[in-house]
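Asks: Residue numbers (this note's numbering), protein chains in the order written: chain E, 1 to 146; chain D, 1001 to 1159.
None of these hints come from the bench; they were simulated from the model.
Per the computed footprint, the stretches of chain E lying under chain D, defined by three or more beta-carbons under 8 Å from a beta-carbon of chain D, are: (1) 70-83; (2) 115-128; (3) 135-141.
When the alpha-carbon atoms are kept at most 25 Å apart in a straight line, the in silico DMTMM-like pairs for lysine to aspartate or glutamate are as follows: (4) D/1156 to E/111; (5) E/2 to D/1133; (6) D/1125 to E/135; (7) E/126 to D/1133; (8) E/126 to D/1157; (9) E/126 to D/1155; (10) D/1125 to D/1081; (11) D/1125 to D/1078; (12) D/1156 to E/109; (13) D/1156 to E/120; (14) D/1156 to E/123; (15) D/1156 to E/112.
Model, not experiment: these values are computed from the prediction.
All residues carry an ideal CB built from backbone N, CA and C; glycine is no exception.
These are the residues of each chain, in order.
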Amino acid sequence: MKLQKNTLLALCSALEFAARPGTQLSAAEIADKYRMSPHHLAKVLRTLGRAGLVRAARGAGGGYRFAGNPRRVTLMDVIELFEDISAPKSAARRAGRRAKAEAGAAAFEVEDALGVVLSEIDEIAKATFRSITLETMLKLVARRRG
Amino acid sequence: MISLKKPAAARAAAVAARIRGVQAADLEQVVDIDAGITGLRKAAYWGEILRRYGGGRQQRFFLVADRGGRIEGYVVGDVRDWEFGSPPCGWVFGIGVRPDARIGGIATQLLDAICDGFRRLGVDKVRTLLARDNQLVLSFFRSQGMMAAPFIPLEKDLG
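Let the hints inform the model, and build the full structure from the sequences given.
Replies: Written out as C-alpha cells, the structure is:
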C-alpha cells in the first residue's frame, strides 16, 4: 500500500490536531510546518471535516479544531478517506486479465501469483494501520523525541 | 474506528485490581472470561495451562487481576530461550479482560506485572503473536508501545 501525498498530509494534520485537542489551528500553520501549500491542505482539511475528525472554527482567524477521539481513531480511519484500499487487489486482477488477453495463460499465471504476494503485503499493511490509534502514534512521536 | 464504550462497571470501579498468581479456585472465572471473548469454552485447555503455568513456576507466569474476589482478567506467558533463533525473551500468549471491566487499565496492569516478572528473569524484550484481524487486542499492545517484531509468521495447509 503506497500512500499518496494527500494521505500523508492528512495523517500529519490529524496528528497535529489530536496533539492539541482544545486548540484552534490554522491551515497556514500546518501547511507551513509540513512545507505544503495552504490551498492544498485546505482540501485535505475539508475531507477530514466531512468525516467529523476536525471542525472548522468560526470567528477571527478561523482555523480548525480536533473533533475525534484520539483513543479510537486509527490511522486507517484517516487513510480510508483518501485511498481506495481495495485498489491493489483489483489492480492485480486487472493486470492478470490484461496479461491473459495479451500474452497468454503463462503470463497470467505469473501475474496472478505475484498478485497473491502483493495482496499478502497489503493485508499486513492494512492490519498495521488499523491497529494504531492517533493516541498511540502521538506516544510513539514522544518516545522518539526522547 | 475502534469502538469500545466504557462500561458502567468499569467507570464505577474505584478499587484497583490486585495482580497475583492464579489459584485453582480462579480457573472457572478464567474459563468464563475466555469463553466470553472467544465463544469457546475450553475448560480442559485451561486446566492444562494451570498445571503447566500455575504455582509460580520458573520462567512461567499465569497471573490474574483480582478485584474483591472477582477475577477481572488474566495474562499467561513465559520466558523462552533461543526459540525461533531469538535470545531469551518474554512471550505473552494469552491475555483477556471481562468486557464489563475494560477501559479500566486492567490489561495494562496485567501486562506491566508480567513484564516485571520477565525483567526479574533478566530478559529485556517481550513479544506476542496475534491474529491480524484482532484489532482490539492489537491496538492494546500497540498502545503499550509494542511494535512489529523482526519475524514473519508463516503457515500452510496440510491437506
